[in-house]
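Q: The residues making up each chain are set out below.
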Amino acid sequence: MPDSIEAGQAEKLQGSPVERREDPELLTGEATFTDDMEPRGTVHMAVLRSQYGHARIESIDTSAAEELDGVLAVYTADDVAASEAPGQIEPIWLLPDLKRPPYPMLARDKARYQGQPVAVAVADDRYRASDAVDAIDVTYDRLEAVTGAREATDEDAPTIHEEAPENVAAEWDVGDEEATDEAFENADRTVSVDLVNQRLLPTAMEPRVTLANYRPSADELVVHMGTQCPHLHRRFMADMLDFPEQKMRVIAPEVGGGFGSKDSAHPDEALTAWCSLQLERPVKWQATRTEAYASTGHGRGQETTAEIAVDEDGSIQALRVETYGDLGGYLSTWGPLMPAHGYALMLPGQYDVENVYCEVTEVFTNATPTEPYRGAGRPEASYVIERLATLAARELDMDPVEFRRKNFISRDDFPHETATGLLYDSGDYDKTLDRAIEMADLEALREKQADLREEGRYLGIGISCYNESCGYGPSEIIGQIGGQLGLYENGVVRFHPSGSVTVYCGTSGHGQGHETTYAQIVADELGVDYDDIEVIEGDTDEVPMGMGTYGSRSVSVGGSAIVEASREVVEKAGTIAAHHLEVSEEDLEFEDGEFQITGAPARSMTIQEVAREAYLAHDLPDGTSPGLEATNFYDPENLVFPFGTHIVVVEVDPDTGEVDIERYVAVDDCGNQINPKIVEGQVHGAIAQGLGQGLFEGVEYDENGTLLTGSMQDYTLPKAFQVPEYETDHTVTPSPHNPLGAKGIGEAGTIAAPPAVVNAVTDALQPFGIDHIDMPLTDETVWQAIQHATAEPGGAD
Amino acid sequence: MTHHDIELSVNGTEHELSVEPRTLLAHALRDELGYTGTNVGCETTMCGACTVLLDGDAVKSCTVLAVQADGAEVKTVEGLSDDGEFHPLQKSFQKEHGLQCGYCTPGMMMTALDVLEDNPDPDDAEIREALEGNICRCTGYQNIINAVKSAADDMGGVSGAD
Ligand code: FES
Ligand code: FES
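Residue numbers (our numbering), protein chains in the order written: chain P, 3 to 799; chain R, 76 to 237.
Each hint should be verified, as a subset may be incorrect.
Derived DSS-like pairs (lysine-lysine); straight-line CA-CA distance at most 27 Å [stated by the list, open to error]:
(1) P:K721 / R:K224
(2) P:K408 / P:K450
(3) R:K224 / R:K166
(4) P:K433 / P:K450
(5) P:K112 / R:K224
(6) P:K408 / P:K433
(7) P:K101 / P:K112
(8) P:K574 / P:K14
(9) R:K166 / P:K14
Partner residues aside, some chain P positions facing chain R, computed with beta carbon under 8 Å [unchecked claim]:
(10) A33
(11) T205
(12) E208
(13) G259
(14) G513
(15) G687
(16) L719
(17) A722
(18) V725
Treat the hints as calculated values from the structure; they're not laboratory data. We treat Cβ as the ideally placed atom computed from N, Cα and C, and that holds for glycine.
Pulled out of the complex, with its shape left as it was, chain P reads as follows (with noise of 0.2 Å):
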């Protein structure tokens, strides 16, 4: 990958490594995150979370709290209830007969999780606040507590919520149960296994932070917050506290990652604001990273038995899958959409399966709320497919990149209607495989491999061939599957009568880059100097209407809507320019930001002269009102469906279970690139967080329900010598789909590398029957797994 270039070094912007433009505010310390604002009388929320589980909380004296110098305020349950703000989150993911328990802003009668949200106490300064929560003395009856979706659903497990007796939120389920079953009787050779997905950490760099000012004067309120999605924000704490959504302005300023745990509501963002509507002052809270461990949603966390049933030929004839997925102890914003259409609607993956069942079980546990980290579903369903691969082909003895192959959707046959009812809109699987396979030279690697087992040392060689859906969208089909909000995107954009340009959009970017990217579509649409086209994005009052930045959906959806904006501004100016060069609008051509009449291209107008004339508006064609500007509304046709190959490469020591990465190669492809540098950056970065599902992370609770992953000394996030260098390339397969052609690359790392490293650790392990190890594969893990292996009859030695 070249170095990235100046704006003005690029001929064409689209396709150009662009310097980021949000940088220089970053790098010097001047970029504002929501803590480093202070409004004059800012006040501070800290937040008292149940210790336990599971437990019944008999009462809560907050007297010694109110008491304390500096106090200005402790809440509980019962003042929310007074105050008539319903003060409840609802899911905005609904399935067929959901069970839905309240979900309070503050534990009523009972805890569910660890992390619960019980009380808050506000103080002019953060210590005091915090002070003022530990002298809160709250009564527990502390509860039996399950965490673990299996687990949860035996008969002797505790009930969580009386509403879902059994702890079961819901059953769905998707593909044809009698169709598949007959197609695994009819199948040469079955193969299953059970996995787990674990439970993550998202760990956002900048933990969950909220300033909210509500002015009495105006009755509005301002909320500052880390968030990927203003505009879902401002609804759900206008329905969670019932203040008019038109007085309330929700502002994403530089936000410190996301990664999906910031677009969900949390009961603290909602407190905070509630608290500044009681004290009618500015209120800030921060979460702590213990705090924010025990109480942002977790991602991931499934259990599942999974089987595929093949001929000797390789071919596979059916997908038979059982999930059970973890909610946690409430249903959080987006909680049953994970285990749903978000994973299940994904199980093929690259391959041509006629016949897919999966049934889906979604269980309460006493643990904090699931909620969407990077893939959402995706990259468990992938996990599954890639695994149940590597297994297959090994169960024939056959290559595995040969039965990849045998099973890929050809490239001709797209778009592709699967059969969980998706429609892949692009895909040429083969030509990421290739490129892979040949920069990671395959062949040598088998030799290498054998050479080095003869040595007594266990190299593995990981694939794994992803797809993704992303760009969500059609409203209308979110609509109908159970999604309560439409998955549009809004972007406008506005001349200045100077002819320089502003653009809105509804996306939220959190480190993506968005302004560059933006600002280089636009230029080039436009034909306007990058320079002068200004990027605005995350704050309600500003842009008319979004949906957010999340499930790689900014460039396909926001980046349409602009791009379509963009396009009808065009026209406008055409129409003006014609008037003024007194031609037909048909005979002027628009290029590099000028309007010339077809052979005769001394007469011509910039598209900068028509704005000043349009805002001018002395003298405009019939019928044309004054102004350059549009506002696009753009609903996908369809979703985006990028995709790629990952190989790994990793020698295993048999004696300490350390597993050392060699190679990582990455072959991505994400449809046109906007800017490559930028995805480039996101392909490393979301293959770190894979590799740290793969080896490192997750999170462990004890049987009490107790978090035992609270803070980073115990939770083992990726450290720079811990990954390796990832040698990255790219294909182009354009989706027809959206004008620029655009699919999403924000996720694909963490899609691809969980199933790569355990498909290359289990490569290693051959030599001891070792076919399956659960993530994270720590030196712990796989130390035990090799010394089981070999103290059964029939392994290594």
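Go by the hints and put chain R with the ligands onto chain P.
A: Here is chain R with the ligands on its own, set in the frame of chain P:
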């Protein structure tokens, strides 16, 4: 709670302030003095987002009490550029795409500054080891490593730390 009067020199400017004994240096810098470029990600010495130079050494300002820093010279990210001219690290982080959300970046650069002071020409592995205490969740580190290397080249072995 009793307060202590302390003096801090931050990026060459002298400050006098009064803090509680428990006030963390990170909070004193951010909340009392307005140097909000220093970010807080964990408050437990694990993430490195709050790294500043204290008398020339990279330290995590969330684990130093402000009173411990009495009389010390502190350098924060705000003091990196010189008269509007970006420090080589700032330039290389931008050029190499060494940041995404930018939350870890001030701490990364301050650690890197200290690293390059001790070892002006580090190799990849040395940089990776040296950044062990700084977590970045966005970049996957590779471009950060490249940025530190490229800054080392630009600095020609002369560290910008003072
Ligand atoms: S905030 Fe100081 S190390 Fe994380
Ligand atoms: S750039 Fe976001 S944490 Fe490093």
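Q: Decide, hint by hint, whether the structure agrees.
A: To see whether the hints hold, each was checked on the structure:
With a CA separation close to 18 Å, the supplied pair K721 of chain P and K224 of chain R stays within the 27 Å bound. Distance hint between K408 of chain P and K450 of chain P is fulfilled; the C-alpha atoms sit about 26 Å from each other, no more than 27 Å. For a cut-off of 27 Å, the pair hint linking K224 of chain R to K166 of chain R stands: about 12 Å separates their Cα positions. For the hint pairing K433 of chain P with K450 of chain P, the CA-to-CA distance comes to about 25 Å; that is within 27 Å, so the pair holds.
For the hint linking K112 of chain P to K224 of chain R, the alpha-carbon distance of about 54 Å lies beyond 27 Å, and the restraint is violated. At roughly 14 Å between alpha-carbon atoms, K408 of chain P and K433 of chain P fall within 27 Å of each other, so this suggested pair holds. A threshold of 27 Å between alpha carbons decides the hint, and for K101 of chain P with K112 of chain P the separation of about 18 Å falls inside it, so the pair holds. As the CA atoms of K574 of chain P and K14 of chain P are separated by approximately 24 Å, the hinted pair is consistent with the 27 Å bound.
Proximity of K166 of chain R to K14 of chain P is assessed by CA-CA distance (about 24 Å); at most 27 Å being required, the pair is judged to hold. Given hint, A33 of chain P at the interface with chain R, holds; its Cβ is 6 Å from that chain's nearest Cβ, closer than 8 Å. At about 6 Å, the closest approach between the beta carbon of T205 of chain P and any beta carbon in chain R falls short of 8 Å, and the interface hint on this residue holds. For E208 of chain P, the shortest C-beta to C-beta distance to chain R is roughly 5 Å, which falls under 8 Å, so the interface hint holds.
Interface hint status for G259 of chain P: upheld, as the beta-carbon distance to the closest one in chain R is roughly 4 Å, under 8 Å. Using the Cβ-Cβ criterion of 8 Å, the hint placing G513 of chain P at the interface with chain R is satisfied: the shortest such distance is roughly 3 Å. At its closest, the beta carbon of G687 of chain P sits 5 Å from a beta carbon of chain R; the interface hint therefore holds under the 8 Å criterion. Among the interface hints, the one on L719 of chain P holds; its C-beta lies about 6 Å from the nearest C-beta in chain R, closer than the 8 Å criterion.
At about 4 Å, the closest approach between the beta carbon of A722 of chain P and any beta carbon in chain R falls short of 8 Å, and the interface hint on this residue holds. A hinted interface residue such as V725 of chain P counts as satisfied when its beta carbon comes closer than 8 Å to some beta carbon of chain R; here the least separation is about 6 Å, so the hint holds.
Checked against the numbered hints above, the structure violates only hint 5.
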